[in-house]
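K.L.:
As a plain string of letters, each chain reads:
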Amino acid sequence: MRLAEHAGEWIDRTKTLDFSYEGTRYRGFAGDTITSALWASEVSVLGRSFKYHRPRGVLSLANHDVNVMLQDGARINVRADVTELIADANWHSVNTFGGVAGDRARWIGKLAPFLPVGFYYKAFYSKRWFPRWERMFRNMTGLGQVALDAPHIRTPKRYGFCDVLVIGAGPSGLSAALTAAERGADVVIVDENARSGGSGTYQLGGDNARFHTVRALDEKVRAHPRIRVQTSTLAAAYYADHWVPLVDATRITKMRAKAIVVASGAFEQPAVFRNNDLPGVMLASAAQRLAYRYSVSPGERVVVLTANADGYRAALDMLARGIVVTAVVELRASHRFGELAHELEARGVEVMTSSCVVEAVPNKAGDRLAAVRIGALPPVGTAAVSTSTREIKCDTLLMSVGWAPAANLLYQAGTSMRYDKTVEQFVPDRLPEGVFACGRVNGVFSFDSKLQDGRRAGELAAIHSGHAASAATFGEYAVIVPAEPESPSHAWPIVAHAAGKNFVDFDEDLQLKDFANAVQEGFDNIELLKRFSTNGMGPSQGKH
Amino acid sequence: MKIMTCPVNGARPVSEFTYWGELSEMPDPATATDDTWADYVFCRNGAAGIKKEWWCHTPSNTWFIAERDTAKDRVIRTYLNGEEA
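Chains A and B are the protein sequences, given in the same order. Per the working numbering, the first sequence starts with residue 1, numbered consecutively. Per the working numbering, the second sequence starts with residue 545, numbered consecutively.
Since the hints were made in silico from the structure, they are not lab data. Among the hints, erroneous ones may be present.
Label pairs and their calculated CB-CB ranges [claimed, not checked]:
#, chain 1, residue 1, chain 2, residue 2, range
1, A, Pro378, B, Pro557, 56 to 66 Å
2, A, Lys122, B, Asp579, 18 to 28 Å
3, A, Pro156, B, Asp617, 44 to 54 Å
4, A, Arg251, B, Gly565, 34 to 44 Å
5, B, Pro603, A, Leu143, 24 to 34 Å
6, B, Gly565, A, Arg128, 48 to 58 Å
7, B, Asn605, A, Phe161, 36 to 46 Å
8, B, Ala592, A, Ala320, 55 to 65 Å
9, B, Pro603, A, Thr231, 33 to 43 Å
Here are some chain A residues pointing at chain B (derived, C-beta under 10 Å) [what the hints assert, rightly or not]:
#, residue
10, Arg13
11, Ala236
12, Asp241
13, His242
14, Trp243
15, Lys254
16, Phe523
Derived DSSO-like pairs: lysine-lysine, alpha-carbon spacing no greater than 27 Å straight-line [unchecked claim]:
#, chain 1, residue 1, chain 2, residue 2
17, A, Lys258, B, Lys546
18, A, Lys543, A, Lys530
19, A, Lys254, B, Lys596
20, A, Lys122, A, Lys110
21, A, Lys258, B, Lys616
22, B, Lys616, B, Lys596
23, A, Lys254, A, Lys543
24, B, Lys546, B, Lys616
25, A, Lys530, B, Lys595
26, A, Lys254, B, Lys546
27, A, Lys421, A, Lys254
28, B, Lys546, B, Lys595
29, A, Lys110, A, Lys421
30, A, Lys51, A, Lys364
31, A, Lys157, A, Lys258
32, B, Lys546, A, Lys157
33, A, Lys51, A, Lys543
34, A, Lys51, A, Lys15
The C-beta atom is built at its ideal place from N, Cα and C for all residues, glycine as well.
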């Protein structure tokens, strides 16, 4: 369902595009992604999971998961979350046997108890039978089908140069770019999204002032003669001496910078509870993207599971966009954002503390969330039981329990990271020369702090690239960015359940019990555990 | 890709350069013992650390000496032979 217009929406309502998905015609607007257009058309099953062929819907809407992976002939393994609509495309979900709705392989889910972690290492090793097993596995586990007549696409390269390269055009990145340019540096700012602004354009807490602040900052950046803005451009890697390949749809730009500011943000992480992969259970940021970027309603009745202030803000965002929010389920006993909770309560939203979602309940057809069972948070190490829980009817559950830094480029550049208990995430400890970090990847989450952290990093990058000559001019920003009032991530948003199906890795269909079993088998080192279970080794490479 | 500074042409990508071996003092062939001479001809010190090496900027055929820290993968300085400051 489409919502009322919003100033920041990416869609052009005057231009409709027709496309088909699984043989049915649908209509979306120009600027929609495939997923947003399908979700607006009330399609809830958009893919089948890799191993058990369970129905899947929107999770991150940001290519941080691959629930929705499609194919149209030579266009193979397309990430529908971030791929714009193409007129008359004919999409099918990959990895199904006979269509996404009646996938014949869904019986595999029933066999789950007989397919423990690492089962194929143990069952399919005999030399004599291996060729047969291999054929079977290649049939069962492939993603898209290779089209042998795929056209050869030429992908040219070019070289680019700049003083400061800013990666990520969210609030902190924009503020870093503007500060560096004001100090005289020649700045390039890139973002993988189709438009700049990042979280500042959709994580508003129902407060449009934040949106307008970021919009104004964005306009200043675009108007600045020394800043080049490149959206839909991915900073694909970091090589020696600040050399970063920037990949867009048509070419690769080998960008040589004198200094780099990494403002790549954070990936929102799902909570773990029974049936947390049902269509309708999504990350809070995904719902905010749907509601603000594409003006699509995530659902009709929303419950929010949260362990940070972002969850309350997401609930306020839903209310601001006219969506019914019935309850906020808070994992913690207390927190420092009481005013957000009071505001929600005043607007008729029930806030439950020290509670958790024990189980998500599917509807009769099994293709959408119908209710959630709420119970007291069990102590770590014990499983929750579905008795003595309260059932709340809803078709959408938003999860907002924590963030993981998008620190890939920082790691490649040789940054040493340390775990910061106050924000429950890794933050840069010692950065290489000429590399700077700001925003969420640097452990800074409060909106004003992000802008300030961006100014600090931009200033340092300008100095490093030979502008803003002396440290004296730095004085203005040499302040310490204030510490976060509370951790934006919960240390353990995981609820064990005797009946399982509580997924940790959505790409590889890994349940909580798979990890316990792997440890029991002796793979108790984190590196071994990862490889034995294949956690984070699917197409989204550990982003969720 | 790394950047190396040619003493004549300035900073260039390292693909334009070739490495020509460690710089070592030639012992006097007339007086050197066989051991010293064999060591000079055949033996190279591969231990990581600060090295003095011959490099050549191939497009301009500029031969020069580079001091590199091979442990930290860093070029410390480059200069033409005999122009060491």
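K.L.:
Tell me if the straight-line CA distance from Lys254 of chain A to Lys546 of chain B falls inside 27 Å.
P.N.:
It holds: about 13 Å lies between the C-alpha atoms, which stays within 27 Å.
K.L.:
Using the C-beta atoms of Ala592 of chain B and Ala320 of chain A, is the stated range 55 to 65 Å upheld?
P.N.:
holds, 59 Å
K.L.:
Can you verify the interface hint for Ala236 of chain A: is its Cβ closer than 10 Å to any Cβ in chain B?
P.N.:
violated, 14 Å
K.L.:
Between Lys546 of chain B and Lys157 of chain A, is the straight-line Cα distance small enough, at 27 Å or below?
P.N.:
holds, 18 Å
K.L.:
Assess, step by step, whether the Cα of Lys110 of chain A is no farther than 27 Å from the Cα of Lys421 of chain A, and give holds or violated.
P.N.:
violated, 40 Å
K.L.:
If you draw a straight line from the CA of Lys258 of chain A to the CA of Lys546 of chain B, is it 27 Å or shorter?
P.N.:
Given that 27 Å is the threshold and the Cα spacing comes to 12 Å, the pair holds.
K.L.:
Given His242 of chain A as an interface hint, is the shortest Cβ-Cβ distance to chain B below 10 Å?
P.N.:
holds, 9 Å
K.L.:
Just to be careful, I want the Cα atoms of Lys254 of chain A and Lys543 of chain A compared with a cutoff of 27 Å; is the pair within it?
P.N.:
Holds, because 25 Å separates the two Cα atoms, which is no more than 27 Å.
K.L.:
Evaluate the given range 24 to 34 Å for the C-beta pair formed by Pro603 of chain B and Leu143 of chain A.
P.N.:
violated, 45 Å
K.L.:
Quick check on a hinted range of 18 to 28 Å for Lys122 of chain A and Asp579 of chain B, using CB atoms only.
P.N.:
violated, 59 Å
K.L.:
Does the Cβ distance between Arg251 of chain A and Gly565 of chain B fall inside 34 to 44 Å?
P.N.:
holds, 39 Å
K.L.:
Take the shortest C-beta to C-beta distance between Phe523 of chain A and chain B; is it under 10 Å?
P.N.:
violated, 34 Å
Comparing the model with each earlier hint shows violations of hints 2, 3, 5, 7, 10, 11, 16, 19, 25, 27, 29 and 34; every other hint is respected.
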